[in-house]
Each structure stands twice: as C-alpha cells, then as structure tokens.
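Novice: If you read the sequences in order, they're chains A and B.
If you read the first sequence in the working numbering, its first letter stands for residue 175, the second for the next number, and so on.
If you read the second sequence in the working numbering, its first letter stands for residue 343, the second for the next number, and so on.
FYI, nobody ran anything at the bench for these hints, they're computed from the structure.
Just so it is clear, CB atoms sit at the ideal spot from N, CA and C, and this is done for glycine as well.
Treat the hints with caution; some may be incorrect.
Here are some chain B residues the structure puts well away from chain A; computed CB gaps all over 12 Å [said to hold, decoys possible]:
1. Arg-396
2. Asp-613
3. Cys-624
4. Ala-775
5. Asn-821
6. Arg-886
7. Pro-969
8. Pro-1016
9. Thr-1034
10. Thr-1051
Here are the in silico distance ranges between beta carbons for each label pair [to be verified]:
11. B:Ala-802 / A:Ser-334: 24 to 32 Å
12. A:Thr-431 / B:Gly-416: 44 to 52 Å
13. A:Thr-431 / B:Pro-522: 35 to 43 Å
14. A:Thr-521 / B:Asp-970: 51 to 59 Å
15. A:Ser-334 / B:Ala-485: 29 to 37 Å
16. A:Val-539 / B:Arg-959: 35 to 43 Å
17. A:Thr-514 / B:Lys-478: 38 to 46 Å
Covered by chain A, per the in silico footprint, the following chain B stretches (three or more residues, Cβ under 8 Å) [stated by the list, open to error]:
18. 562 to 570
19. 688 to 694
20. 744 to 758
21. 837 to 847
22. 904 to 912
23. 1052 to 1060
24. 1063 to 1075
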Amino acid sequence: MDETRREFIKKSGGCALGMVALATQMHHLGSVSAFAQKAIDESASPSVGYKALVLLYWSGGNDGNNMVIPNHDDGTISNYASYAALRQPQGLAIPRDQLLPISVPRLGGLTYGLHPSLGPVTGGVNNGIHELWAQGKLGIVTNVGTLVRPLTKAQYQSSSFQKPYQLYSHSDQVTQSQTANSATQAFTGWGGRIADRLASVENPSGLIPMVTSIAGAQLFTSGQVTLPLAIADSNTTPANVLNPLGFTNTGGSARLTAFNNIRTYDLSNNYIAAASHVTDLAMQANTSLQTWQEVTATFPNTSIGRQLKQVARLIKKRTDLSVNRQVFYVQIGGFDTHTTQLTTQTTLFSQFSQAMRSFYDEMVVQGVSNDVTLFTLSDFNRTMNPAGTGATVGSDHAWGNHMFVMGGAVNGGNLYGSLRPDGSGNYYPTLLMGNTTGALDDADNNSSGRGRWIPTTSVDQYCAVLARWFGLPQDQQTLSAVFPNLGNFPGTFSQLGFLP
Amino acid sequence: MHRKEYWLTARGLTLILTLVMMAVSAIAQEDPDPNSPTPILLTESSSIRALANRSGEKGRVDLNRLRPQAFAPGSTVDIYVTNLVLLPDEGPLAFRFYAMDREGRTYRFPVVDMERLTKGQTGVVRMSVALTDELKYWDQPAADGDVLVYLTWRGLASNFAKLGLGSVGGDIRTPSSAVPAPLGTVAAIDRNGTSRSLSPEYVGYRWSGDRYRFLQQTTFGFEPNLDSRLRRIGLRAWLAEQFDAPYPTPSNPYPNQPLKPANAPADCDGDQTVTPDVPETCFRDTYTMYPIQRWNNVEALYGSSQLRHRVAWALSQIWVTSGNDIQQSRHMVEYHKILSANAFGNYRTLMRQMTFNPTMGDYLDMARSTKNNPNENYARELMQLFSVGLFMLNDYGQVLTDGSGNPIPTYDQNVVNNLTKVLTGWSFCQTAASCPNLTVGTVNFIDPLLLTTGNHDLTAKTLLSYTGSTTTNIAACSNCTSAANITTYANNSAEQALDNIFNHPNLPPFISKLLIQHLVTSDPSPEYVRRVALVFKNNGSGVRGDLKAVVKAILLDPEARGDVKTDPNYGKLREPFQYATNILRTFNVRSADGSTLSDGMFTARSEFTGMQQIPFRSPTVFNYYPPDYVVPGSALLGPEYALMTTGTSIQRANFVNRFVFTAPAVAVSNPDVPLGTSLDFSDLQALAQADTTGNQLVNELNQRMMYGTMSTEMKNAILTAVVNIPATSTANYLQRARQAVYLIATSSQYQVQR
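Generate coordinates for the entire structure from the input sequences, incorporating the hints supplied.
Specialist: Structure follows, in structure tokens:
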C-alpha cells in the first residue's frame, strides 16, 4: 500500500477503529466522535454530583441457590424444608442453624437466610455484608437471568417463543449478561454503551475513560466508541499501573518521542490501529495517575479485595481526574463448581463479602456511599439438583439467579423481583423440579429435571434500573439503543424499585 | 446463498495455475511464486467511479458505455474486477467488499455471485454485491451519496473506487493516490508485477518477505540458521522435514517427575523447617507447573521441531487444561504428550486419547461422573469448545440461520445430557492388574481412565442428529449382565459417540478456522476456511481429520502466502508467549552471562506474567482469550485482543525494555532461574558502528523483524531516535542498536503479525 493511501485512511478513519484512533490523537477522552456527539443533546451539561456503578462479576456461574435460602416454615410457598429436600440427600444443603437471617418485608416479613460466609468470618477484616441488610444498604434481586422476552414454563417448552441463544453455555451467557442482549450476538457491552452516550456530557474534560476494568478486557466495558481503562489491582499503585519504564537512560527522551510518534503511523491496518489506540489510552491515563492517595478502610488481601481497593483509590481521585460519572468492572472467579462446591463457595463468599464491605465502608469515609452503587452479575445460576454426592458434591449449569445490590442509594433490606409472566409465583423461585406438579419455575420438564429456574426478571430489566439511577437518558431512542429488548418487558421500573 | 461454479476456459492455464496455487507437491525442488496478484476494481476512464450496473439487467452490458448511477440500499449491483488468478472452485466468498461513508464508518457488503467474463489474469470478473451491510456494527449506511469502496482477496486490498448509494455525488473524501482503473489499461497499473518466473538454476525459496512471514506462522520466531535452511530447501521440503522431526528435541526430553500423593508428604511440601525436602526442590518439581513450563519454554526457544511445538501450543489453547486446577507438572506432561503426538496425526485419535486422559478427566470432571451423579462438564465442553461449537456452520465456517435469521444451535441440553450419560463411569486407573503405571499411594495420571462398570449408564442415548449422521442413537444395553459385557458396551458407546461428533459437518470448518486463527490470521476469509475444511474432510486419500494435511493446507494457502499483505483486516496480534519468544529468538537468546543457553524461565518475571499468558495456567477452559473475541470498536475478529488492554499494553513495552536494555541478573537466591536470559546485539552493534547514519542498522531490523514492510515515517522516527545517541563510543553503538530494537519491538506494527 502506498504512502498516500495510508495517509488518507489515517486521516479519514479507515473504519470505526480508524476513527477512534483519530479521536484519540485529539487527546480528549471525554469528547469522542461525530457519532457520540450526535447521539446526545448538544446543549446538555454535566449533572450535579458524582455517581459510580460498580459491577462485581461472579465468573463461572455462582450457585445462588446456596446464597439466598428460604429460612421459614410457611407452608404456602417454598420453605427451608423444600430446599433441604432437594439438596440435603447429596450433602449440598447449608444447615439451617448456620444461615444468617434476613427479614423480607415484601414477602410479609418472612425470614430468608444468607450463606454463613456473608457475615463475620475467621480472619476477616470486617463483619461482611450481612449486617448491611438490616441497615437498608443491601438489597437482593431474585431470579434474574438472560431473556429475550418473558417466558412461562409452557412458553419455554414451546418452540414459538424466542429464548436466549445457547442457554447454559458459559461463554454465551457471559456475553449476554454483559451485552444485555440475549437475542443476538452483540459487539458492545451495556457499560460501554452507556459511556458512549454519557461520556462527552458528563465527563467533558475527563482524564481517563468513563469505564474502568480492574479485571482485563471485558465485553461489558466496550462501547462503539468507548474503550475502558484496564489496570491491575492495588498490588500496583496507580502511579505504576500504566508506567512504561526505561526512558531515563541514554537516548531515553528521544526514544519516548519516537515511541509516541510511531503509534500515529500505519493505522490503515485495523489490527495495528487497535493496538496503538489502546496504548495511546494507557499513555494518556498514566500522566494523570502519577499522584494519588491511599484509601482509609482496610481491604482484605484477596484478588477481589485488591480490585475493589483500586476502584476506591480511583474514586478518591475523581475530582482530580475530572470525572463526574464512572463505571467500574471487578471480577471474582472460581464459581464453576461442578465439584467441591461447599468449600469453594465458603472461600469465595467470604472473599467477596469482605471486599464488598470494605468497599462500602470506604465509600462512607469518602462521603460518597449514596453516590456509588455496587451490583453483581454472573454467567448463570446452577442446578438445584446437585452433581455428585458427598465431599465432592457440586452442581451444573443453570439459569435464573439472585443478585446483590449495595450502596446508600439502594432501597435495601428487601427482596426485589417480578412475578411470573402470568402473575403467579412469589419473587423467589418455587423449589420444585422437572415435571413435578407446581414446578413452574424449572425449565426442565421431565422426571429427571434438575432445577434450572426460568428467570422472572431479565438481565436487561435489572441493568436498566441501575442505568436509570446512573443518569442514562430515558428517552425511547436511548433506551432501545442501550437495552434493545427492554421493550419486551413492560412495567420494569414499577416492579423493580431497588433503586430510585 | 446461491453459488455457481466457474471454470476457466483455457484448460492449460488452469492446470498450471492449479498446480501452482494449490501447491500440492511436498517434494518440489523449488517453490512457486507465493504472491497472488492484487485485485483491480474497474472504474470509469476519467474518474474513480466504479463501473457498476444493477444486477440482472437485461441484455449484454457494455463496460464502455456504463453511465454513473445511484444504487438503492438493499439492491444487488454488479461491479467488475480484474487482475485475478482464481483457483478452479474459488467463489465469491474469497472476496470481501468494503464501503466507507463520510463519517469514516466501514461497512461490508457481501459478494453474492461472480462470473468470469473474459479469460486470463487480465480478464474481467463480474461480481454481484448486495448493498446490505453484513458487519452490523453500525446501522445500515445512509443512502445519501457516494461511498468509497474497495475489495480484498487473499489478504490484498484493491484500489479505491466510488459507488453511488442512494444518490451520486456528495462530499466523500478520496485518497489522493486513487486513480482511474479503466478497462484496457489495467495492465499498466498492475502494481504487483505479473511475471516472476524462476531462473532455471534457482533452488529453494527466494521470496524473502514470504519466507519471514512463514517463519512467524510456523515457529516461535525468526532465527538465522532456520532461515538459512528454509532459504535453501524451500517451504515444502522444510515442512516435510518438520513433520518427521524428532520431538521433543533429543536434548530436551519431557520432564517426567514421578507421581506423588495428592497430599504433599513432609519431605516434599516446600517446608524445609521440620522435615527437609528431598531433593530440596521436590515441591517445585512436583506440585507446581515449573518443570513443564521450563521444558516448554526451552523447546520454544531452541527446539528443532518448531512446527510440532507450535501446533501443539495451538492445540493446547483449544483442548485447554490449566495448572490452576491440575496439581502436578507430571499430570500436565501426560496431557501435553497427547497434543504433540497427534499434532500431525488424526483428530479422531486426539479426541479419543484426550477423552480418556486423566488430566482432562480431572480438569473437566469426567473422572467423577457416574450414572447416579452425572457431571455435564466434559460432555458440554467436548462439543462446544473441542469439536463442533454452538451453532451450525457451513464449510466456510459461517453460522447458519433459520427462517427468522437466528443462528441454528448445534445441539440442545438434551444432547449434553445424553452425551454425559455415555461418558459416565470412567475414573482414574487405580487397579494394579489393568494399570501398568500405577504407583501405590498416588492417583494414576499416566494410564488412561478406567471404567468402573457399576457406574456406567446403561440406558439408551440420543446424540447429535444431522444429515448423514449414523451413530445418533445408542440403544440401551441388552446384555449387560457381566462386567465384561458392560465394558464392551461402554467402550463401543464411547467410540460411537466420538464418531458421532467427529463426523458432524461442523467439525472441519470449526477446527480449521481455530487453527488458522492460531497460525496465520484472526479473521480469515470464508473461502480460506473452506479450502482448509475440505482438506480436513478429506486429505486426498479419503481420510478425514488428517492434521498433517490440514496444517499444510493452512500454511500453503494463497491467503497465508505472499511477500506483503495489504488488506486492512489481515493479521493477528502476537499473543504474549509468541511475542516474547519471537523477540528473544530474533536476537540469539542466551543465558544471562551469554555463556550458555537460557534457562527459559523468562516467563516467571513480572514483566512477562503481567501480559497475562502464563504457559499452562489458562484462567479457565475458555483459554486465555476467546476465539470469537471481537476487536473493540469494530466487528473484526481478534482473539488475542482480549489480552490487549491499557494495562497489558504497557506491560508489553516493559517486557521489551527489560530484556533489551537491562538483561535481568541471575540471583543466587532464586534457584528457579539458574541461568537467566539475555539477548545478543553484537552484530547490530557492529552495524551501528559501520554506518553512523543508522540506516544499515534499521534496514537490517526492518528485514529481520518486519520483513521489509516498515513505513518511511516509522523508519524516520526510529532513525531520529537512533542518531540522538552520539556515535562516540562502543557503548553508544550498542545503545543505538538497543534503541532501534526497542522501538520496533514495542511498535504495534511489529506486535501485529501480518
């Protein structure tokens, strides 16, 4: 390819990437492109005050059935005995006396129970998230999962109602929960799509991108024009996390100049442009991260603890970075518990509970606990029916799952969710499996049904409530662009009041 | 999609071209020209407006009388292309037709049909293009004026032309280099040159660009001796040599530490305070991945069987296990032996051996799956990741859709359940009589899994059903009254199930595309995938799954070969391990003091681990990066970009900085890195001294690292930085060499293998 052609593509933007690369050269991370400019009201100005959304992702498919458990004896809905009947024989049931009780006003004050590792634990640095329930800072949204449209069991069994593609497959369900689109493969995540529309209004002079991942590249964080800041956890300080080394020896200054210049050449190849663009982002953010302050709260020295600590450091630096709205992604893995689930969950639950609590406490110290909302997602729930038995007992891939939402803005201390599309049900899945009479929440419909709950709240609905709180414009065009299937779920905001 | 077959009328030419392009002969003394001609999109004589007319217009189209016209979105338009040398059955899916609008957004319009109008390379091919974007990254383009279009084929991009969408005109910017390419004058603008005949005395491989590119695709990096050999014997003879080369390299045998108990004994628990370990490194050498990592890295840096190691590395990223769950290095060794032994063997054998491999059985739980407590993990991933994938594919690797445009699933949960049943009952081989490698007190990770007959599901199973499937239904066992009968039934069932998967139409395109992505380019054309998939289906002797033939087809394909690739969407990001070994091998990698070979443990340094691809430590069964990862900001497949973030991009630069400028010293306190790793720039230092303008230095590196593709801007930027260092001392000549190496190695231009 000759020079002029290369030059041309560089200037005009060979494709989306070319354009992003071009925009990056303008050194304005907040104002990106003609596309983003057009998508927003040009007269808009930043909202007052700071807000952040933090997605804590349970990677591998967390078994929510052992996280939020009925802890009552009410015979009219599934109770502890219903739970124990399905899990105790193989040794997967959490003993009732270990459950941490939570009272649920929306279910007439019935008591449910959290997994014991969500309270104080041996060697912990705090009391965990359980006590935030009573303080009204922690809520649970039940039976959330991927859906294209609401489904009853009969509709699920029929081929004429569209279902999410490749249910029970990790990669596809991760993709769907991060793109909030279960109808078709999407190239952008909903976190990125929010930033596409808000970054130039809310963070017009932001020194880092609106979206930050402490867990590498994630579909959630990428929009059409948004690329995330992706950095390592708190083991590396903000000053060092993007710091290219070695420009201090002989020729170093000239080397740095060339290093930066070379990234502006040969952008006609889209792979080259993509790599250069990412490095550009890193180099610009690095300059802004050289000064920072340590947080006050003690965080556990676990991966998820260090990730949330790094998030807290960035939030503490929000004014410096000129960011008014931020989206963060953190992740804890290891939930694919086909085997040895009991010990694995005990460890992982205490890790994220400890980390979440430290994070909440730090937000209180920073005075932004009402402005920062942490929420969870996962690939899927796991089968109510255990896999294996005894010491190595685990569970397989399933569907609808329970999610935590934490923060001062949350209407906490309650279960949220939707009833079945036909109006029946009780916010919490009925613990019956297969073709048993009344097993209306299990997608399986035969004698060996394993308990895969058909979600009553879609990921799209759950996320749309979070996005609305965050400040996503609620006009139809924006909503359908960010959550393309939301229109299939009428009444979302009236049913899911976990955030204002 | 409607597809026609076209044959050249000049039979003699066809024959020659077929031989040249398919390159079927491995014993050829000389290699054919690897370069395909660059396609030319015909335009009007006085402008760059593409010659085009609505498809299906009645009567004969006179290319000299076509008038500028606008085309409706969604309609199909005929355009005209020349300077092509097509394989006999090469169809429209070998081409990709791109359009750019005024906003700089790119769309891709599918080429739905093609017809050869006149014969020969200078002949004209009519292509029918549907004006409906298939990338779906943006909304459909606005129909408000000209778009800029070009065509790609075999990694080569055509000239730019204009096409009226909705209306003619508008203010689309055009590259100043774009010139009209009218009918009849095309020979004059054939930028690629048409004739590259071999001189009679030439033996071996003359096209240096292609040779360097080939080395990137087949080895862990350029190395001068390897290049010399390749130059002498040619690609095909070299491939034949590699297929038969001993593996592992005799001086680097597999590290076969004895198996140890699952609970580390006191003399091997890494704790020297109470009971010292015997030997002191017992824990490291048993219960960590250290031995196989070190072995693997040394083999990559110095091994003589580079291609097998490279293909095994690719297969290890398809059939993934991980030291995050696998306890002992020896467990991983037994798994790796299956990958390497079958890298040039048959995929069906690989499937069987891996299914019963205890390491895989441990990692994906098949070793714990019984009829009463089945575990779906292996059955699901066997289909999803290791063989047929989630959606029905055609031979081109394209996802098939139903009437509503939704992808057709390959299988449903029911098939997962049934395959799970077939694979119940196998566990670790712990019976002395049946397990020759059993060591008392340890779990047997050497012998294949052994059936416990009482744990096998004897009910009927229904597996994958597809056109031509023959082993879909496995009947319930009718005579399972003895252990011997159950064993026979179980083994037969497992073989039937594996046949059922192996013969599925998805397997050839699914695996072929993955291997192309690992070796050559991230987003191959559908036609390339199909050419390889056809070889996967039949190696020419009626054998399905012959990986040797598949690897050869991938590497000798015209889309893989050629001195330079100009398609903006061609190439792949070097994954971290390749990136590191490619750089190290290019500069005579040695031990820290240069006196001997490196210990290979560069992968233990934080600058390497920060790039997030530690060998044998994939985070999950989905590998370090997913094969369908799309480069953010595009619809372009780029799996390795899942590892290219703001954080890792700087780690990459810091890795280069560490090994180019400050070779890490060997610390006595760290027995895990006994020899260290350093690079040798003495030859480059001499060049820097011989030519103080820096030109020779940069030219040499341009050849060695970028096979001559470095742009003038990039070269000038490097030269400026090089001559900034005063040419006053030996130390500074070395610093000049390092300066240039650093800048090339950290550039995106080098990080992308093209």
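Novice: When the structure is checked against the list of hints, which entries are broken? Sort them ascending.
Specialist: Hints 7, 10, 14, 18, 19, 21 not satisfied by this model.
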